[in-house]
Amino acid sequence: MTLDATYLRGSMAAILSVLQHSSCPENILFHFVTAASSSTSFLNTTLSSSDAAVAGLISTSIRSALDCPLNYARNYLANLLPSCVRRIVYLDSDLVLVDDISKLAATPLPNDAVLAAPEYCNANFSAYFTPSFWSNPSLSLTFASRRPCYFNTGVMVIDLERWRAGDYTTKIEEWMELQKRMRIYELGSLPPFLLVFAGNIGPVDHRWNQHGLGGDNFRGLCRDLHPGPVSLLHWSGKGKPWARLDANRPCPLDALWTPYDLLQTPFALEA
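As numbered in my numbering, residues 78 to 348 make up the sequence shown, in order.
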C-alpha cells in the first residue's frame, strides 16, 4: 500500500478494515511505500532514486492525480520489497474490506500467471488505447494471442518471485518509454499493466473489487454497487469518500466507508 498526505486518511481506513475482518490479524504484515523525505536513511535514498526514475517515464493523463509517482509504485514492488517477500496482496488506499483478506491472499495462480485480479470482459477494452495504437499493427498485435480483458490494478495478488524472474518491471517501463515518444494511451499507470498482463492473469471473484465507487475520472458522480456479493469496496475514480463527506456532499455508498474513518469514529480494537 502507498502512503501520502492526500490519501493517508483512506489508507488508515483500509488498514482498519483489513484488521477488523481478519480471522488472524497477527499474521498480517503490511508493507508501505511512500515518497522520499529529507531523511538520509537507506529507504529514503532508494525511494528518491525510484521517484526520479519513474518521474521521467510518466506521461500526462486525463486526471492529474494519476500522474503522481506513487501511483506507479506498484510497478516497482518487486524491487522495493525484500527478496524474501514472495507473494503480496496489493491494495489501493481508497478501499475497505468487509471480508477476511486471507481468502484473497490464498488465490491460486496458474503456472504462467504473475498476478491475479478480478477481470471485466464486458468493458470496452479498446477505449484504453488511442487510435494510433490500434492503427499500428506492430502494436495492436500485442494482444493477438490473448483474450484481453480490463482489470483494475488497485487490488492484485502478485507473485513477486515470478515477477522478478520475468523482469516485468522492465517490460512495463518499455511501454511507458514508448508512450513518451508516441501517445498510445490516456489513463495513467493502468494501460502498461494491461499491455503486459491482460489476458494472462489468475481469476478472482468480482466480490473482491467492487470498484468505480468514486465515479468517473471527470465528474466523480455517485455510483451504485455492481450486482452480486461484496468482500471489498473500492472508491476508484475521481470522488473519494472522505473528501465528499468533508464537503457535505456524500454519495449514498460513502456511508459504508464511514465506520472505518479514524478521524471521525472512535474505535477500540478487540484483543
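Incorrect hints may appear among the rest.
Claimed, not checked - Listed next, the in silico DSSO-like pairs over lysine-lysine satisfying Cα-Cα at most 30 Å (straight line):
no.	residue 1	residue 2
1	K180	K315
2	K315	K248
3	K315	K257
As the list claims (entries may be wrong) - Cβ pair distances, simulated, as ranges:
no.	residue 1	residue 2	range
4	F107	S215	37 to 45 Å
5	E254	P208	19 to 27 Å
6	P336	S217	40 to 48 Å
7	A183	R326	33 to 41 Å
8	N213	I105	43 to 51 Å
9	T247	R326	25 to 33 Å
10	V162	S100	19 to 27 Å
11	L340	R258	23 to 31 Å
12	M259	S160	18 to 26 Å
13	D323	R163	14 to 22 Å
These are computed hints drawn from the structure, not numbers from a lab.
Since the structure is predicted, the reported quantities are computational estimates derived from the model, not experimental observations.
All residues carry an ideal CB built from backbone N, CA and C; glycine is no exception.
We went through each hint and held it up to the structure:
1. K180 with K315: Since the Cα atoms of K180 and K315 sit roughly 29 Å apart, the hinted pair holds (cutoff 30 Å).
2. K315 with K248: Between K315 and K248 the Cα gap is close to 28 Å, so the pair holds against 30 Å.
3. K315 with K257: Distance of about 24 Å is within 30 Å: holds.
4. F107 with S215: 37 to 45 Å: holds (42 Å)
5. E254 with P208: 19 to 27 Å: holds (20 Å)
6. P336 with S217: 40 to 48 Å: holds (46 Å)
7. A183 with R326: 33 to 41 Å: holds (39 Å)
8. N213 with I105: 43 to 51 Å: With a Cβ separation near 45 Å, N213 and I105 satisfy 43 to 51 Å, so the hint holds.
9. T247 with R326: 25 to 33 Å: Given about 43 Å between the Cβ atoms, the range is violated.
10. V162 with S100: 19 to 27 Å: holds (22 Å)
11. L340 with R258: 23 to 31 Å: violated (44 Å)
12. M259 with S160: 18 to 26 Å: violated (36 Å)
13. D323 with R163: 14 to 22 Å: violated (40 Å)
Of the numbered hints stated above, those contradicted by the structure are hints 9, 11, 12, 13, listed in ascending order.
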